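Asker: Now for the letters of each chain:
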Amino acid sequence: MDFMSVIEKQGVSRRDFVKFCTGVAVTLGLPVSMGERIAEAASSPKRPPVLWLSAQECTGCTETLLRTNHPTLEKLILELISLDYHETLNAGSGHQAEEARLKSMKENEGKYILVVDGSIPVKDGGIYCKIGGQTVQSILEDMGSKAAAVIAIGSCASWGGVPSADPNPTGATPAHEVLKNKGIKTPVINIPGCPPNPYNFLSTVLYFLTLKKLPELDDQGRPKFAYGRLIHENCERRPHFDAGRFANQFGDEGHRKGYCLYKLGCKGPETHANCPVILFNDIGAGAWPVGTGHPCFGCTEKGVGFTLPLHSPARPKYITPPALFDEVLPGKEGASSGIKSLATGVAGVAIGAAGAAMLTGLGKKDDEKQDKEE
Amino acid sequence: MDINRRDFLKTAVVGGSLVLSSGARPADASMPRELPPEAVGILYDATLCIGCKSCMYNCKQFNSVEGGALYSKGATDPPYEFRTPQEIWDAPKALSSKTLNVIRVHRSGTGENKDSAENGYSFIKQHCLHCIAPTCVSVCPVAALKKDPDNGIVYYEEDRCIGCRYCMLACPFRVPQYEYEKAFPQVRKCQLCRHRIKEGSFSACCEFCPTGASIFGKVADLKVEAQKRLELKPGQEYDYPVQKVDSGEKMRRPVSKYLNHIYGAKEAGGTQYMMLAGVPFDLLGFHKNVDETFLPDLTWAYISKIPAVIVGVLLVGAGTWAITSRNKKADKEE
Amino acid sequence: MNQNDIKMWTPTTTVLLLIMGAGGLVALYRMFFGLGAVTNLNSIWPWGFWIAFDVLGGVAMAAGGFIIAGAVYILNWKKYKPIVRPAVLNAFFGYLLAAIAIFLDIGQSFRIWHPMVMWQVNSIMFIVAIHVVLYTSTLAAESSPMIFEKLKMTGLLNFMNKIMVPVVLFGVLLSTLHQSSLGAVYLIIPSKLSPLWYSSLLPYHFLVSAVLMGLSMVSFETILSTRVFNHKPDMDILSGLAKGSLITVSLYLIMKLWDLVTVAGIGMAFTGSTSSNMYLLEMVIGVILPFILLISRDRRSNMRSIFSVNVLVIAGIVLNRMNVALFGLADYAGKTGVDYFPSWMEFALTAGMVAFAILGFKVSVKYLNLFPEEAH
Chain P
-9 MDFMSVIEKQ GVSRRDFVKF CTGVAVTLGL PVSMGERIAE AASSPKRPPV LWLSAQECTG
51 CTETLLRTNH PTLEKLILEL ISLDYHETLN AGSGHQAEEA RLKSMKENEG KYILVVDGSI
111 PVKDGGIYCK IGGQTVQSIL EDMGSKAAAV IAIGSCASWG GVPSADPNPT GATPAHEVLK
171 NKGIKTPVIN IPGCPPNPYN FLSTVLYFLT LKKLPELDDQ GRPKFAYGRL IHENCERRPH
231 FDAGRFANQF GDEGHRKGYC LYKLGCKGPE THANCPVILF NDIGAGAWPV GTGHPCFGCT
291 EKGVGFTLPL HSPARPKYIT PPALFDEVLP GKEGASSGIK SLATGVAGVA IGAAGAAMLT
351 GLGKKDDEKQ DKEE
Chain U
73 MDINRRDFLK TAVVGGSLVL SSGARPADAS MPRELPPEAV GILYDATLCI GCKSCMYNCK
133 QFNSVEGGAL YSKGATDPPY EFRTPQEIWD APKALSSKTL NVIRVHRSGT GENKDSAENG
193 YSFIKQHCLH CIAPTCVSVC PVAALKKDPD NGIVYYEEDR CIGCRYCMLA CPFRVPQYEY
253 EKAFPQVRKC QLCRHRIKEG SFSACCEFCP TGASIFGKVA DLKVEAQKRL ELKPGQEYDY
313 PVQKVDSGEK MRRPVSKYLN HIYGAKEAGG TQYMMLAGVP FDLLGFHKNV DETFLPDLTW
373 AYISKIPAVI VGVLLVGAGT WAITSRNKKA DKEE
Chain C
860 MNQNDIKMWT PTTTVLLLIM GAGGLVALYR MFFGLGAVTN LNSIWPWGFW IAFDVLGGVA
920 MAAGGFIIAG AVYILNWKKY KPIVRPAVLN AFFGYLLAAI AIFLDIGQSF RIWHPMVMWQ
980 VNSIMFIVAI HVVLYTSTLA AESSPMIFEK LKMTGLLNFM NKIMVPVVLF GVLLSTLHQS
1040 SLGAVYLIIP SKLSPLWYSS LLPYHFLVSA VLMGLSMVSF ETILSTRVFN HKPDMDILSG
1100 LAKGSLITVS LYLIMKLWDL VTVAGIGMAF TGSTSSNMYL LEMVIGVILP FILLISRDRR
1160 SNMRSIFSVN VLVIAGIVLN RMNVALFGLA DYAGKTGVDY FPSWMEFALT AGMVAFAILG
1220 FKVSVKYLNL FPEEAH
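Residue numbers (this note's numbering), protein chains in the order written: chain P, -9 to 364; chain U, 73 to 406; chain C, 860 to 1235.
Next up, chain P with everything else stripped away, as it sits in the complex (with noise of 0.2 Å):
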C-alpha cells in the first residue's frame, strides 16, 4: 500500500497533506514551494528509521507530541518515519523491545535518526538510570556513535532540565555533553522546551529528511527557525511592555486586563523560542503560558528556567527592537557634513578677500609712489 492511499483512508486529502506540509516549510523559514518537496520526502516509501532513546525525563515530550490537535497527521508522522524503538509506544516490551532496538540499529548503522528525551545521569557510574541493566549513559554512547544525528527533544536532553535544577543529585547531564565528552562527533540538534513544542519536532525531522542537511543552529545547538528570537520580541502583550503597563500581582487589575507580565518575573526578554507565534495544541490565540497569564518560565534557555526563581525579573538579552534605540552619541569624531561645507566656503570667501587685497596691497607699488607724488 502506499503513501498516499494510506493517509487518503484516515480521511486525509493530498490537498490537505501538502497543506500541512507547506506549513511546516512556513514554521522553518523555508519558502512555501519547499511544502512539494517535504510532502514528497514524506510519503517516499522508504522511511527512515527513527529510535527513540528515553533517559531520565517523564514522558511529558512524548505526550506533547501525541497531543497535538491533529492526531491523524501526527500518527502519519510516526507512521512515515519508522519508529522502530520508543520505550513509551512500542507494542511489545523487555527484551523484545531491547532486540528490536539492536537489530535496528545494526541494519540502519549510520542512517537512523536517535531521538533522545531526558537527562542523562553520569554520577556514580550513571547508576541513577538503566535499562535492561545497561545505564542509560552507555546506551547513549553506543546507539549515538551509530546514528545519522542526534535529536535531544526537550529541556532535560538539551540543557539538562529539571534533574540537573541544583543540587543536582544524579549529576542529570544534556545528550550533547555525554556526547562530546565520549568524543562522539554526531551532529546534535537540541528542542528545549518542557514540553517542546512538537511541531519544532515535526519540522527540524522533515527539514533532515527533504534537505538530507542539518538546519542552522545556534550557539547552543538550537535550529535557528525556532529559536532564533526571543519569546519578548514576538509576545502579543509586548505593547504592554512598552507603555509601561505591568500587572504588579497576579488577579490585580492589570493582571485582569492582560498586561505584561514581566513584573511577575515573566522570562521573556532573556528565552529563545516562538511560542507566541506558533503557540501550542492548535487551538487558536492565547495557547501557551503567557497567553493564559502566566509568566514565561524561561524552560528552553539554559541558566533561566529551573534555575532562576520562578518570579525574579528577567534580564533582557539584549536590545529589541534594536532600530527604536538611538546610540546616545551617533555623530563621529569631527565635523559633520553640513557645518564642514559652511566652514569651506566662509574660508572660500575668506581667502578671495584676503588673496584680492594681499595683490593689490602689495602688487602694486608705483602707484603708491604716484600718489605720493602728487
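Note that these hints are calculated values from the structure, not bench results.
Capping the alpha-carbon separation at 25 Å, the derived lysine-lysine pairs in BS3-like fashion look like this:
| id | chain 1 | residue 1 | chain 2 | residue 2 |
| --- | --- | --- | --- | --- |
| 1 | U | K295 | U | K360 |
| 2 | C | K1194 | U | K338 |
| 3 | U | K329 | P | K307 |
| 4 | U | K165 | C | K1194 |
| 5 | U | K165 | P | K307 |
| 6 | U | K165 | P | K322 |
Treat the numbers as computed from the prediction; the structure is a model and nothing was measured.
With chain P held as given, fit chains U and C onto it using these hints.
Answerer: Showing chains U and C alone in chain P's frame:
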C-alpha cells in the same frame, strides 16, 4: 560744546552710582551652591534598566495634562513626534520639544553583554539633571527658568521666555529643547513632574519604572542609596527599591558590576538627577570636560567685574577728558 | 564730486533694493511661520548663521564708532574729527542690524522688551540685551546732530553738542562692556567650544579684536569715501589709524598665542581637522598677515597696503566670530550626529540686511553732512 567740567564729572559719578546701585548686586545675585534641604531627585541605575521605555511613554502622558511640562493650551492629546490626521507615530530617538525623557543606548562590538564597555551595551535615560547651580537658570536673561527654592526643581515660566535659546547653548547636557515648528514657541524640558509633586505624587518616570531603575526620593537619601550600591559585590543579591527610594516595594536581583562613579554627585557642581552604570559615562553621552566646576561661576567671574569697569571707565574717561581739554585750553591761551 | 553728484538711482541701488525686498519677505515669513520654517536651527545648533555673522560680526564691525568718538571727544585728538560722523553712523547701522537680527532670531520676537523689565543679573544675555538697547540709543544720540543739522533744528543741535562728551563717554563704557560681554556669552560652554577658542580670557579677546576691527573698518570706509568724493586721502589720519591697528594687533597676537600655548596646546592647531584649519586661517588672515604688513613704517603710510590690511582684518575678525559661534562647536556637535547648514532663507535675510546697511549708508552720505570738513 563747552560744558562745565564740574557738571560733567558730577553727571558721570551720579550715572555710575545709579548703575551700580540698581544693576549688579554681587552678593545676592550669585547662583546657589548648596541643595535646598528638601531637594528631590531621581536615581537612575542603568544596570537595572531593561529599555522598556515605560518611563518615556508615561512621561509624555502625565506631562501633557494641564500644569505638565509638555502641556499646550487647547491640546487634547499628548504631543506625538509625528502625527497626521490618519496616523500617529511616536518612537522618539532623542530629546525633542515633544519628548522630555528618552532612553538611548550605547553599543560596542558585538553588543552582547549588558552594562559592559567591551562587546556590550548599556541603556541611559536622558533628561534634565536639575543642577544645583543650573547654567540654564544662570544664563536666562528674563528668569524664565528658575530653581525652586524648596525642592530644587529647575522649572520654566513660559510667559517670561523670549526664546533666545541661550539655555540650549549653555546646558552641558544638551537638555533644553525648542519648538522651532511653532510661531510662538516655548522651551521644553523635564521639570521633574513638578505639577504631580504639588499634588502629593511623584515623577511619572519613577512611578512607572517596573524594575526600580529610576527611583524618586530626596537627593540626600538617593546619594546614600547610590553609595550603598557601589559597595555591593557583583553577583550578590540585593533588594532594590522600586518607584521611591524609601518604598516598601523591593525587587530582589543579583548585583551587576558597577563603575565606581555616581554621575551627578559632583558633575557641574552636583545635580539632583544621579546615575549609576557599568559603562563609563563619556560613552553614555556625558562630556568628559564637565567637571566639578559650578559653571555659572565662569560667567560670574566676568559679571562681577562690571561695576568696577563702569566706575573705572567713567573715572578714567572723565579724568582724561579733563586733562586733555585743559591742555587744549592751555594751548589756546598760549 | 560732492554730495549732490551722488546718483541715488543706479543699477547697484536696484539690486540692493531687490536683495532687501527678498530679505524683508523672509523676515515676514519668519514672523508668521516661526523659526523652523525659515532656519535650519535644531537642538544642538540653537544659534546659527544669524547670530554668528549678523550679530557677532555686525557688532564687531561697529566698534569703530566708540573708538573714534572716544579719541575725538575724550582724548581730544582733533585730527580724527573728520571721520567721527561716518564712524558713528557705521556703528549705528551695525547695531541696528544686530538688533534686527536678534529680534528675528529670538523665538518670541514681541517679547524682546522682557529683559528690560525682568532683570536677571547672572545672565550675560541680560547684560548684552541692556547694552544693545542702551548703546543703540547712545549711537542714535551721537548721530543725531547730523539729522538736526539737516533739519535745521538749531536748538536741539546745540543741546546735543553740549551733552556730547558725557554721551560719548557713556558710549565708550557701553561698548567696552558690550564687546567683551559678547565673548563672555561663550564662557559657560567649556565642554562644547573647542579649546582653540575657549579661554577664560574670551571677553578680552573679543574686546581687543573689536578694537582692531573698528579701526580697520573706519580706515576702510575713509579710503572708500576718498574714492567716492575723488579727493586726496588724509594720510595723517590713515597712518594714525594704522599705527593704532599695529598696537592692537600686536596685543591681540600675543593674547592669541598665549591662549594657544596655555589652553589648547600648539599641537591642536595643526591636527588638520575643520576647527584647526579654521583657526589657522583666522590667525593668518586676521592677525599674522596684518601684523607683518603693519610693522613696516613704509606700509603704514601707504594707502594701498593700509587698505589691504583693512580687508584682511575685517575678513579675519569676522572669521573669528564665526569660528567661535559655529565652527568651534563643530567637533562637539559632530559626535551628537546633528548637523547644521544654513537654509537659503538664512542667507537671504542676512544678504537683505547687509544690503539695507549699504543702502542706508549711501542715503546718509547723500542727504546728511557726513564728511563736514570735506564738503567744502
